[in-house]
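Peer 1: Go ahead and model the full structure; you've got the sequences and the hints to work with.
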Amino acid sequence: MRVLVLLALAFVAGPAVAQQPAPPVVPQIVDDSIPRSLTGRPGDAARGRAIVASRSVGLCLLCHSGPITEERFQGDLAPSLAGAGSRWSEGQLRLRIVDGSRLNADTIMPAYYRIEGLHRVARNFEGRTILTAAQVEDVVAYLVTLRD
Amino acid sequence: MTARLLVIGLALVFAASYAAAQVGADKRRSGYQDMGEALQKMQDDDTANPGMLFVQLGGQLWNRAVGAADKSCADCHGDAAVSMKGVAARYPAIPQGSDRPVDLEGRINLCRTEHQKAEPLPPENRDLLALAVYVAHQSRDLQIAPPYDPRLDAFRREGAEIYRLRQGQLNLSCAICHDDNAGKKLAGIVIPEAHPTGYPIYRLEWQALGSLKRRLRNCLVGIRAEAWPLDAPEYVALELYLMQRARGLKLETPAVRP
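Just so you know, the protein sequences line up as chains V and Z, in that order. Per the numbering used here, the very first residue in the first sequence carries number 1; after that it's consecutive. Per the numbering used here, the very first residue in the second sequence carries number 1; after that it's consecutive.
A few of these clues could be false.
Said to hold, decoys possible - Keeping only pairs whose Cα atoms sit at most 16 Å apart, straight-line, the calculated EDC-like set for lysine to aspartate or glutamate is: (1) K184/Z x D31/V; (2) K184/Z x D34/Z; (3) K185/Z x D44/V; (4) K185/Z x E90/V; (5) K85/Z x D141/Z.
Unchecked claim - Here are a few chain V residues that face chain Z, going by a calculated C-beta distance under 7 Å: (6) V57; (7) L61; (8) L62; (9) F73; (10) G75; (11) S80; (12) W88; (13) I108; (14) E116; (15) V121; (16) A122; (17) A141; (18) V144; (19) R147.
Stated by the list, open to error - Ranges of calculated distance between the beta carbons of each label pair, as one might list FRET restraints: (20) A145/Z x D31/V: 40 to 46 Å; (21) D31/V x D99/Z: 53 to 59 Å; (22) D149/Z x P79/V: 54 to 60 Å; (23) S56/V x K41/Z: 50 to 56 Å; (24) R151/Z x P67/V: 18 to 24 Å; (25) Q60/Z x E126/V: 42 to 48 Å; (26) D31/V x S98/Z: 55 to 61 Å; (27) L103/V x G97/Z: 52 to 58 Å; (28) R47/V x R28/Z: 40 to 46 Å; (29) D99/Z x R47/V: 52 to 58 Å; (30) P150/Z x H119/V: 28 to 34 Å; (31) G86/Z x N124/V: 39 to 45 Å; (32) A134/V x D149/Z: 52 to 58 Å.
Keep in mind the hints are simulated off the structure, nothing from the lab. By construction, the Cβ of each residue, glycine as well, lies at the ideal position given by its N, Cα and C atoms.
Peer 2: This is the structure in structure tokens:
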């Protein structure tokens, strides 16, 4: 019970983590993927795992479940992240995180690296992407390791 | 063989009409049904429900004369169990002489300013919530019954539009969670259908009594959308739509929620 209450609090309170003001890079989409790293460098899988697990940074486990056993409360609005690295290429995973609506126009998954087309964004988040380019790369690096 | 086919055919017809009847059945669930047994018990037991303390406080305020008119609610409305029965089940409504709907708290503040000649109480003020929970408690177990008033249609429509708008940095709508994904788990929390059956509620996370507006603000902040100030008409529009959607469900005030 107590744990659930704390979780609800985390969902509701949200973080005050400031991301950089605007995407400095324009991701190059080729078919259904973004083949090149947004930063020109590979991400860090360990940092990516922490972002995915975090209820206030990645928010992924609000909707997804995944092989992150220390997080007991996970979502079931979306498929498990387990095996994502076998199902999708690195470039496809990058596009999925940057802007999943390019793959499925009706997706409920937020676009983590897009600022256009949003309505009534809270002032402290306005003009900011959910993740920075470097954080997107960390998440991609982690997802690639999720093999069946 | 043909007899056998006939039996199978008949069985299929019955199955189909049974399924059709089920679709017509009311499957709506109050947030109460999505809570654990311990919280349900807390809500049901008036000696354990923290909201009942505020109902008691509201009862005291009901009888207290205030303002330049030196009148109490009871001076004009008498016994709340009689005069206020069913009122919360049909709010928000448009007060006489106005063309905009008010919620129950707004109605109580009108009586303070117009009839008691007192200052309006600010949103989420303890006395305002206590009066609202006292009035709404008089409708406990009654069905939500929005009034027939064509003047409300435009406001309900506005509420429905807000409900369906994808908004905030997370680009989600109320409908995505509360219609399309109700009953599923958001990080371990069951998403309720968002029926306003128990307001004002005692929410454990707040350790306090709070209004529907406060609850709606929590959802807006969760999706990183700009929350309107607590006295904004958008909340009244949303409540009108939610009450219409919950028509026929029973009021539980004061509800307990996690």
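Peer 1: Against this structure, judge whether each hint is valid.
Peer 2: Now the hints, each set against the structure:
| no. | hint | verdict |
| --- | --- | --- |
| 1 | K184/Z x D31/V | 33 Å, violated |
| 2 | K184/Z x D34/Z | 10 Å, holds |
| 3 | K185/Z x D44/V | 29 Å, violated |
| 4 | K185/Z x E90/V | 28 Å, violated |
| 5 | K85/Z x D141/Z | 11 Å, holds |
| 6 | V57 | 13 Å, violated |
| 7 | L61 | 6 Å, holds |
| 8 | L62 | 5 Å, holds |
| 9 | F73 | 3 Å, holds |
| 10 | G75 | 5 Å, holds |
| 11 | S80 | 13 Å, violated |
| 12 | W88 | 22 Å, violated |
| 13 | I108 | 5 Å, holds |
| 14 | E116 | 11 Å, violated |
| 15 | V121 | 5 Å, holds |
| 16 | A122 | 5 Å, holds |
| 17 | A141 | 23 Å, violated |
| 18 | V144 | 24 Å, violated |
| 19 | R147 | 25 Å, violated |
| 20 | A145/Z x D31/V: 40 to 46 Å | 55 Å, violated |
| 21 | D31/V x D99/Z: 53 to 59 Å | 55 Å, holds |
| 22 | D149/Z x P79/V: 54 to 60 Å | 45 Å, violated |
| 23 | S56/V x K41/Z: 50 to 56 Å | 32 Å, violated |
| 24 | R151/Z x P67/V: 18 to 24 Å | 55 Å, violated |
| 25 | Q60/Z x E126/V: 42 to 48 Å | 45 Å, holds |
| 26 | D31/V x S98/Z: 55 to 61 Å | 58 Å, holds |
| 27 | L103/V x G97/Z: 52 to 58 Å | 55 Å, holds |
| 28 | R47/V x R28/Z: 40 to 46 Å | 44 Å, holds |
| 29 | D99/Z x R47/V: 52 to 58 Å | 56 Å, holds |
| 30 | P150/Z x H119/V: 28 to 34 Å | 29 Å, holds |
| 31 | G86/Z x N124/V: 39 to 45 Å | 42 Å, holds |
| 32 | A134/V x D149/Z: 52 to 58 Å | 55 Å, holds |
The earlier numbered hints that this structure contradicts are 1, 3, 4, 6, 11, 12, 14, 17, 18, 19, 20, 22, 23 and 24.
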